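Protein chains in written order, with the numbering used here: chain A, 1 to 319; chain B, 1 to 319.
FYI, nobody ran anything at the bench for these hints, they're computed from the structure.
Treat each hint with caution, since some may be false.
The list treats identical chains as interchangeable, and a pair is accepted whether it falls inside one copy or across any two copies.
[Stated by the list, open to error] Only pairs whose alpha carbons sit at most 27 Å apart, straight line, appear in this in silico DSS-like list of lysine-lysine:
| # | residue 1 | residue 2 |
| --- | --- | --- |
| 1 | K296 | K155 |
| 2 | K298 | K155 |
| 3 | K29 | K184 |
| 4 | K298 | K184 |
Please read all numbers here as calculations on a predicted model, not as lab measurements.
Number of protein chains: 2
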Amino acid sequence: MTDMVKPYVVGIDVGGTNTAFGIVDANGKVIASSSIKTQQFGADLDAYINELHSALSKLIAENGGIDKIKGIGVGAPNANYYTGNIENAANLPWKGTIEFAKILTNKFGVPCTLTNDANAATIGEMMYGAAKGMKDFIMITLGTGVGSGIVCNGKLVYGHDGNAGELGHVIVRRGGRQCGCGQKGCLETYTSATGIIRSAQELLQASNEPSVLREIPLDKITGLDVCNAARKGDKIGKEVMKSVGVILGEAFADFVKFSSPEAIVMFGGPVKSADLFIDDLKATMDANLMPTFRGKIKVLTSQLKDGDAAILGASALAW
Amino acid sequence: MTDMVKPYVVGIDVGGTNTAFGIVDANGKVIASSSIKTQQFGADLDAYINELHSALSKLIAENGGIDKIKGIGVGAPNANYYTGNIENAANLPWKGTIEFAKILTNKFGVPCTLTNDANAATIGEMMYGAAKGMKDFIMITLGTGVGSGIVCNGKLVYGHDGNAGELGHVIVRRGGRQCGCGQKGCLETYTSATGIIRSAQELLQASNEPSVLREIPLDKITGLDVCNAARKGDKIGKEVMKSVGVILGEAFADFVKFSSPEAIVMFGGPVKSADLFIDDLKATMDANLMPTFRGKIKVLTSQLKDGDAAILGASALAW
Chain A
1 MTDMVKPYVV GIDVGGTNTA FGIVDANGKV IASSSIKTQQ FGADLDAYIN
51 ELHSALSKLI AENGGIDKIK GIGVGAPNAN YYTGNIENAA NLPWKGTIEF
101 AKILTNKFGV PCTLTNDANA ATIGEMMYGA AKGMKDFIMI TLGTGVGSGI
151 VCNGKLVYGH DGNAGELGHV IVRRGGRQCG CGQKGCLETY TSATGIIRSA
201 QELLQASNEP SVLREIPLDK ITGLDVCNAA RKGDKIGKEV MKSVGVILGE
251 AFADFVKFSS PEAIVMFGGP VKSADLFIDD LKATMDANLM PTFRGKIKVL
301 TSQLKDGDAA ILGASALAW
Chain B
1 MTDMVKPYVV GIDVGGTNTA FGIVDANGKV IASSSIKTQQ FGADLDAYIN
51 ELHSALSKLI AENGGIDKIK GIGVGAPNAN YYTGNIENAA NLPWKGTIEF
101 AKILTNKFGV PCTLTNDANA ATIGEMMYGA AKGMKDFIMI TLGTGVGSGI
151 VCNGKLVYGH DGNAGELGHV IVRRGGRQCG CGQKGCLETY TSATGIIRSA
201 QELLQASNEP SVLREIPLDK ITGLDVCNAA RKGDKIGKEV MKSVGVILGE
251 AFADFVKFSS PEAIVMFGGP VKSADLFIDD LKATMDANLM PTFRGKIKVL
301 TSQLKDGDAA ILGASALAW
């Protein structure tokens, strides 16, 4: 994998808020990293690309120059591995189809490969994290939404058109909560950070049960507030986190019947509070599995630092 | 793929009623085939194996002898590709773990490979049928139960332990009908031939709606009876077949979000009456998909003869 002449690759993680990037060596060590604000130029893509080019070029120059860089890998929302394009990403400021890989290839003069952010994190976890060495696993990213990456036979599943792994939009409550995707009852409407907030708001409005969450204006409650409340023994906070475990457990059981993975790896903000829902998750998953699978599927949490998984995963595309 | 010296392979399809086998050439032509009754010796495995050996040896002798045979591929219920064993198959007369591949390898002196019946049919469809040339598709077999085979990146997905593709046991109605697998609400309890019969019985008992199905004793109604009733315009028959389309459509939509297949191919008895439910299936599937996928996933029916798909698929393992 390594290259004596070009020992490094670049990984770029394009997020709704920050665009983080790093230079990575063949051992998966991020030797230098930095970031820019994704939204600072609004819809002006050229200005953003110029800023990214300038900041990344500086980092590259400080670390041996562009001749040491074998390639650039990018993880971004709604990014398609096959086309190299970002397409209609709801959380990014540029609308329509952005030929991101082509633009960066031209700008830096080294090959640039693109995949969606959840897939990039999945590759990072497979090469350097909790799924190291696994040939069959599923990664679930819990954030503003719920993303996923699926590895079968040691390879990421892109599907016919590059859109595989939309497990956040599997329907877990038919006719349930409205999702941004247009459907109702998607997994992400219940188990993302946003879903956790919605659950808390619903429960607070549906009863007069005392709760520390009532000290916060309803529309200001964060996912972390709900986790903290649950940790203090707050009844509503605990009920919300239990529902996260139950719904993830039900969904994971059906995912297992699809690809029979060695493990399901969870990643993202709410996973830092996994202790609040992991027991309910595992018990529900097993209760919804046939005996063949019961007790055999590992449920793991990411072993990589938040920023690193996406940068590392994106960089791995470039080898 | 072909071999000048050993131009043939053998495919064996071990079913609950019949064990069908055939000699197959490199073009996927079944040049000779025959079958024996699977249950004729009850639980006596040795007697069954001797009968299979005798009948298959005769067929082989008539077609150039064992020296022309490169290998034997077997499709059987609850068969594990990794171990070569059949394990606790509910519909076969031999209980526990049967080292089927090992037994046949010793008996015939040529390598024998085993996979489950749905996977064998999937390989048959990929090499010679409706999914020819596809790298990403899902096969759904509707029979007494519902089986499946999943192809990603041109390869069958076996999963970590060989048990991938249990899509008949994905839960489509939480807390719904009791399934033989121990769970409630599995896809197969609604959309298998058995599920179709259950739906008809339920509807007949729940109302006094006139129906041609009332001319048949409730416990003698077959899946074909229900299809025939629907075709004649019978209200209960039509309602049952509509529910098959709706529930398959809902389930298929979630499968698409997993692996983004080019097509979903259906195979088996009830699929001969696919015209009675395919419109509801496609409409429901699209209504439960995000715009990215809508209208893009082909829903196809098998292009292979009933017996041939399994024999051909099993035989393909042997190349």
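Is it within a copy, between copies, both, or neither that the alpha carbon of K298 lies no farther than 27 Å from that of K184?
For K298 and K184, only the inter-copy Cα distance (23 Å) is at most 27 Å; the intra-copy one is 29 Å.
Checking an output row: K298 and K155, CA cutoff 27 Å. Within, between, both or neither?
Answer is both: 19 Å inside a copy and 24 Å across each meet the 27 Å cutoff.
Please sort K296 with K155 into within, between, both or neither, judging by C-alpha distance up to 27 Å.
both (22 Å within a copy, 24 Å between copies)
For K29 and K184, with the copy left unspecified, which applies at a CA distance of at most 27 Å: within, between, both, or neither?
Close neither inside one copy (41 Å) nor across copies (47 Å); limit 27 Å.
Of the numbered hints stated above, the single one contradicted by the structure is hint 3.
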